[in-house]
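A.B. asks: Anchor point for the sequence shown: position 99 equals 99 in the UniProt record's numbering, and the numbering is continuous, going up by one each time.
Be aware that one or more of the hints could be misleading.
To be verified - List of simulated lysine-lysine pairs, DSSO-like, C-alpha gap at most 27 Å: (1) LYS53 <-> LYS91; (2) LYS32 <-> LYS19; (3) LYS32 <-> LYS53; (4) LYS32 <-> LYS91.
Unchecked claim - Here are the computed distance ranges between Cβ atoms for each label pair: (5) TRP146 <-> ALA111: 42 to 52 Å; (6) GLU108 <-> ASP17: 44 to 54 Å; (7) PRO18 <-> SER99: 35 to 45 Å; (8) ASP113 <-> ALA20: 36 to 46 Å; (9) TRP146 <-> MET59: 19 to 29 Å; (10) ASP23 <-> ASP137: 15 to 25 Å; (11) ILE106 <-> ASN78: 34 to 44 Å; (12) GLU50 <-> TRP146: 38 to 48 Å.
What the hints contain is simulated information worked out from the structure, not anything from laboratory work.
Every residue gets a Cβ at the ideal spot worked out from N, C-alpha and C, and that includes glycine.
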Amino acid sequence: MWEDFDENEEDDESEFDPKANRDQIYSHPLMKKSNEIVSLTHALVGSLDEARKELYGGMMMEDAMVISAKFAGAEGVNDFILKMENATIMKVHARHLNSMTYQLAIEETHAEDHLNLLREAISEFRTLFVEWVRGFDSSERIDDGWGLFV
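Using the sequences plus the hints, can you model the full thing?
C.D. replies: Structure below.
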């Protein structure tokens with residue numbers, strides 16, 4: 001089994017630096033903005049009454065945290081299909097979180113200024129997101145058999 005292993009063979013993974021990769025991901029403007037969205041969402045959820053916190057809080061925090069997690073997953077790979085899959089999930093969660101601010105406004109749970117802070121952060125995120133997606137290399141794709149983004 002190990003006879004075919006050639007120790008002298010160049011190994012691409014030996015050049016991988018996980019700390020540098022992590023630093024690159026966490027210093028990216030999109031990750032910084034998504035972390036800001038998590039903080040703003042946490043503050044909003046923390047100020048909800050118990051009933052609304054139970055009703056909306058979990059969904060809102062999930063939306064905010066999935067955005068960051070999916071960015072890290074997408075930024076860590078070169079495969080176009082995986083990047084697009086993660087980007088789509090990020091978009092869905094950002095839109096849902098934004099719509100939740102309007103639900104809270106209808107219920108008059110917060111001052112409009114507080115809700116606008118989160119809306120503005122999501123709008124800024126969208127601008128960065130569009131620029132980021134434009135940089136995907138569509139020639140770097142590995143067909144996963146699902147037929148999306150091929």
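A.B. asks: Run every hint past the structure and note whether it holds.
C.D. replies: Hints, verified against the model:
{"no.": "1", "hint": "LYS53 <-> LYS91", "result": "23 Å, holds"}
{"no.": "2", "hint": "LYS32 <-> LYS19", "result": "17 Å, holds"}
{"no.": "3", "hint": "LYS32 <-> LYS53", "result": "25 Å, holds"}
{"no.": "4", "hint": "LYS32 <-> LYS91", "result": "16 Å, holds"}
{"no.": "5", "hint": "TRP146 <-> ALA111: 42 to 52 Å", "result": "44 Å, holds"}
{"no.": "6", "hint": "GLU108 <-> ASP17: 44 to 54 Å", "result": "50 Å, holds"}
{"no.": "7", "hint": "PRO18 <-> SER99: 35 to 45 Å", "result": "36 Å, holds"}
{"no.": "8", "hint": "ASP113 <-> ALA20: 36 to 46 Å", "result": "40 Å, holds"}
{"no.": "9", "hint": "TRP146 <-> MET59: 19 to 29 Å", "result": "26 Å, holds"}
{"no.": "10", "hint": "ASP23 <-> ASP137: 15 to 25 Å", "result": "22 Å, holds"}
{"no.": "11", "hint": "ILE106 <-> ASN78: 34 to 44 Å", "result": "43 Å, holds"}
{"no.": "12", "hint": "GLU50 <-> TRP146: 38 to 48 Å", "result": "41 Å, holds"}
Consistency note: the structure conflicts with none of the earlier hints.
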